[in-house]
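Residue numbers (full-length UniProt numbering), protein chains in the order written: chain C, 1 to 653; chain B, 1 to 653.
Mixed in with the good hints, there may be bad ones.
[Claimed, not checked] Short derived list, chain B residues pointing at chain C, Cβ under 8 Å: (1) Pro-16; (2) Pro-37; (3) Phe-182; (4) Ala-190; (5) Val-449; (6) Ser-477; (7) Leu-482; (8) Leu-483; (9) Phe-484; (10) Tyr-508; (11) Tyr-527; (12) Arg-540; (13) Ile-542; (14) Ala-566; (15) Gly-569; (16) Asp-571.
What the hints contain is simulated information worked out from the structure, not anything from laboratory work.
Glycine included, every Cβ here is placed at the ideal spot set by N, Cα and C.
2 protein chains.
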Amino acid sequence: MGGSGEANGGAAARVPMPPARPFLDTFRGNLKETFFPDDPFRSVVRERGAGRRTLAALRYFFPFLEWAPAYTLGAFKSDLIAGITIASLAIPQGISYAKLANLPPILGLYSSFVPPLVYALMGSSKDLAVGTVAVASLLIASMLGSQVSATENPALHLHLAFTATFFAGVFQASLGLLRLGFIVDFLSHATIVGFMAGAATVVCLQQLKGILGLNRFTTSTDIVSVMESVFSQTHQWRWESVVLGSGFLFFLLVTRFISKRRPKLFWISAAAPLTSVILGSVLVYLTHAENHGIQVIGYLKKGLNPPSVTSLQFSPPYMTLALKTGIITGVIALAEGIAVGRSFAMFKNYNIDGNKEMIAIGTMNILGSFTSCYLTTGPFSRSAVNYNAGCKTAMSNVIMSVAVMITLLFLTPLFHYTPLVVLSAIIISAMLGLIDYQAAIHLWQVDKVDFCVCIGAYLGVVFGSVEIGLVVAVAISILRVLLFIARPRTTVLGNIPNSMIYRRMDQYTTAQMVPGVLVLRVDAPIYFANASYLRERISRWIDEEEERTKDNGEMGVQYVVLDMGAVGGIDTSGTSMLDELKKSLERRGMQIVLANPGSEIMKKLDSSKVLELIGHEWIFPTVGEAVASCDYVLHSHKPGMVMDSAAGHENMV
Amino acid sequence: MGGSGEANGGAAARVPMPPARPFLDTFRGNLKETFFPDDPFRSVVRERGAGRRTLAALRYFFPFLEWAPAYTLGAFKSDLIAGITIASLAIPQGISYAKLANLPPILGLYSSFVPPLVYALMGSSKDLAVGTVAVASLLIASMLGSQVSATENPALHLHLAFTATFFAGVFQASLGLLRLGFIVDFLSHATIVGFMAGAATVVCLQQLKGILGLNRFTTSTDIVSVMESVFSQTHQWRWESVVLGSGFLFFLLVTRFISKRRPKLFWISAAAPLTSVILGSVLVYLTHAENHGIQVIGYLKKGLNPPSVTSLQFSPPYMTLALKTGIITGVIALAEGIAVGRSFAMFKNYNIDGNKEMIAIGTMNILGSFTSCYLTTGPFSRSAVNYNAGCKTAMSNVIMSVAVMITLLFLTPLFHYTPLVVLSAIIISAMLGLIDYQAAIHLWQVDKVDFCVCIGAYLGVVFGSVEIGLVVAVAISILRVLLFIARPRTTVLGNIPNSMIYRRMDQYTTAQMVPGVLVLRVDAPIYFANASYLRERISRWIDEEEERTKDNGEMGVQYVVLDMGAVGGIDTSGTSMLDELKKSLERRGMQIVLANPGSEIMKKLDSSKVLELIGHEWIFPTVGEAVASCDYVLHSHKPGMVMDSAAGHENMV
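Okay, chain C solo, but in the shape it has when bound (with noise of 0.2 Å):
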């Protein structure tokens, strides 16, 4: 701060108090910047007449009506090909993780055909390639499977997941709605890399019942009962299954490392698994392992989704439970989703809405819930593949959906043989890419704070649960705002030599004291959290400013100059406590003088009294200026520094 700039007197040497304005206008602006910080009806508003508003208003919530009617032939031919891509990708992986989830094999399918078609209306993202995800999937399992065994009563737990999903999509939807995208900022991005690992491990030990072709297993995730329940049943462990399962893991890995080396070559990957399950069912069907211990997946039903509204469960017992389980799922998915959305748009340099994202993906469960889905977001992997295939626009979207309508309607006889053991290789293929080692490190590098919320997510999620995971990282990841604001750092700003410029005296090892002159720069809000924190930390830096001096026989401070410039805010508690320090510094015979106040902290300082009790004359537009009129007054014995501001004065004319 500071510079001669302002010594020359006159307006700018003022610190203007910012023009009194009616509390509603404050307050409606305060309102706009929290909830309406990016203006999403601005396109609206600028048009004319009221039939062009409800067509951008219309062009606002359904998206494709910007980019149908320019839609070309170019386009459309690589949308096919992302669309197939993906499509090939999604029918094995939707009846993994519908599996995972303990729900019938074909619900993935359903879930790839209706959501992705709603997306395709009313998504503003290009690349989002919409599905159902691991981590979802096995928290419906998880958390559903608590109370309702799925293999008891299949039923019931198949209309709690419908009905977990509803409310997954009226919490999105409605979070949207009410503007409060922002709930989702509060998972860091290193509680989700944490916790995306942490879900990928979990998922992967849950593999191992298929891989060792397991009848009995645990329903808990956490790693000691996996293994627990892996090591007390090792004479079940079957030979022919673990064969096949590691070869085709090692056949998708293999490819998947292919495709990284050569993201030209993005198709190999991406057709692996079909391929795989292709594989796998003609070896089954040849070889009849179904009746050497090899589970299949069985009878798929032939058709497309049948309505499940009348299956919603809206009765007491066990509707708590569905409204918790879709609230934390769809927050989870609501995350990943927005991040793979925004991520993408980064790439192609357009802006994704996170709000308007939310309404979508969460009328797209909302209308999946009424269709016999289950809950469906933007996967990273697939919008991946979705990317690398050259998708243009949401098309692709309606294509990986035809595909799905096209297997629904005529395919599923094929999947009866498919192993179950290569659902598990897909899966745990699909895991490991989630695994963010780099991350971590990155983290560790840069922020320690951050390595430590991502590790207790981490470890949360391992050894507890999905849930106990989210509420470490989360818990932590406050509790670091709140120190933040609790042990806000105080400096002492020194003379940066030959100018009246004031920097942190730990930074610029130039600067230099003023003799008498004790200048601190406070670098957080003052409020109720940190005010007494402030006042005594202030009041060390004197003493021990004093006993400095006295040591070396200087002049004691007779001015404390706070540097307000990065005090963001100020609080009633604030407040007071400025008025307590100024009072407090009177009895020892030192002046109070502040610097680069804020219009905001004006205000508070103006209406709280404080502003009259400091006194106009020792408030400052720079800390070199109210250093200069302090030099003033001591009549400093200091020439050099008296020269220097002299000098600031002269410059300016």
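Got chain C; can you put chain B on it based on the hints?
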């Protein structure tokens, strides 16, 4: 920001990278700043030799070792007067509050005997007068009463009260020992104002039982059920006790009014409660009013505190209840005690170590729970009397406890005929002082959010329960902090003519934009909670500026200067936000420039490789410099600007 100072190239023109410190050092440093900001053991460490150090340590934990040796007869005289004054207040108040807590009245006297002695040894406040408080008493009654009836099972209720006190003490002391004092700071001033007023209202409502001479009364504290139980038994109302009660209430209020007007006459209001107790007792004794529906205290056991260690309940059924009660009441008592201690310390200009106080108050309650005392702290009313009576040291507490001891040994029979209605009157008159409506008005004038917090606490307490009120208030307060982080203010900075200073356009009307350069200031740390908001908000600033310039046919935005001066911290989400911002601006052909980042920020930017990406050459110590160099590259066609910045340079030779 800005200033020709740095323009003279060389060292000052670079933003220095802070010297790399080993992780453990920074970690230790942060730990110290977080938990030992006041550096409590400085005095101990400064001493030479083990003996003198232990002495210093003893002095730290037992402050009386500091003042006792230098204690003078003059000081003793003032302390004697103060002590007797507060004793005359403590005896009736103690009995009243014990009744309020549904505990035997004698406990009020016990609790004014042991704890003051402990505090005199360990407390660092000279003005705090120890005793029981109405709010905590009410809380104990309501929380314990919810599960154990004081009338049906008095013994258990009593033992649970001791246990709760024990837990409260342990909790308070451990907060102090673990240096977690700042937790109390999260009860903001606004919270306490609203909470206290609400509690006072509730307590007054409870007194309707005594005033109306009712036998049955609701156990719940909310206004609705109290009013119900009052008006459901109008036929039970006793006009005698109503008359007596209102009479004494009037008397007490008049004395309080007088003392308020003439602080010299503090003793009038201080002596009033004891006077009314004596008057009331004599009146009842003469008129035998106890037979006409005036309830009296009845038999009080002679003798000092009996030990109560054995009656502490650590057995499952009720332990959790006692624990919960202890923690909640403990925090509230702590908040009041420390607030009181701090405010009086400010008047006399000495310092209170919050954590040390917690240890003192905690120990006092632990030992209290062993000697038949219940929760004590430093009540505001009593401490104020103590202060006005001119106390010099904690000795006044000793005097008080001696006076109480004498009462316990010889004078308890005198209270046999004391009418309960007088105690109710005493409580009400004390409570009315706690309803600080002026503070609420002040809150409204200064900070609307704080006002909401205050009202939220008040309504929560009055219509819900004390706990609900607390939760509401703390929730609003924390939400406010989180919102501040989630929605930081970003402002456009403009150049102040004929200088290189840049100030907020909305505050400084003289400030002007620099063509082709958009200067933005971020007013908060860049954390996961606001990273994506900031990205969107900044791009919106740019869009709007682009539109404006296009409409006016001015030069479009070429440079976006981010003033990081007020950015106190950054995490990985923040760094990756800057990363993305840089990339997306590049695509739009704009250059991002950082001004005045702190050492913390520089470190993070460096370790996250964002510094490389942006390039050292685009990081400047001040906005002035940043814009100046952009200007040169732009070959700005606005000579004025170049002139200025050039001038800025010449100035500094």
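Hints versus structure:
Below 8 Å, beta-carbon pairs count as interface contacts, and Pro-16 of chain B has one with chain C at about 6 Å; its hint therefore holds. A cut of 8 Å between beta carbons decides the hint on Pro-37 of chain B: the least distance to chain C is about 5 Å, and the hint holds. Taking 8 Å as the C-beta contact cut-off toward chain C, the hint placing Phe-182 of chain B at the interface holds, the least distance being around 5 Å. Annotation: interface hint on Ala-190 of chain B holds; nearest CB of chain C at approximately 6 Å, less than 8 Å.
Satisfaction of the interface hint for Val-449 of chain B is found here, the shortest Cβ-Cβ separation to chain C being roughly 7 Å, below the 8 Å cut-off. Because the closest C-beta pair between Ser-477 of chain B and chain C is about 6 Å apart, less than 8 Å, the hint holds. Checking Leu-482 of chain B against chain C by beta carbon gives a least distance of about 7 Å; that is within 8 Å, so the hint holds. Because the closest C-beta pair between Leu-483 of chain B and chain C is about 7 Å apart, less than 8 Å, the hint holds.
At its closest, the beta carbon of Phe-484 of chain B sits 6 Å from a beta carbon of chain C; the interface hint therefore holds under the 8 Å criterion. For the restraint placing Tyr-508 of chain B at the interface with chain C, the shortest Cβ-Cβ distance is roughly 6 Å, inside the 8 Å limit, so the hint holds. Below 8 Å, beta-carbon pairs count as interface contacts, and Tyr-527 of chain B has one with chain C at about 6 Å; its hint therefore holds. For the restraint placing Arg-540 of chain B at the interface with chain C, the shortest Cβ-Cβ distance is roughly 6 Å, inside the 8 Å limit, so the hint holds.
Interface hint at Ile-542 of chain B: violated, since its Cβ lies 12 Å from the closest Cβ of chain C, which is beyond the 8 Å cut-off. Below 8 Å, beta-carbon pairs count as interface contacts, and Ala-566 of chain B has one with chain C at about 4 Å; its hint therefore holds. Residue-level restraint check for Gly-569 of chain B holds (minimum Cβ-Cβ distance to chain C is 6 Å; threshold 8 Å). With its C-beta approaching chain C no nearer than about 5 Å, Asp-571 of chain B sits inside the 8 Å limit, and its interface hint holds.
Consistency with the previously given hints fails for number 13 only.
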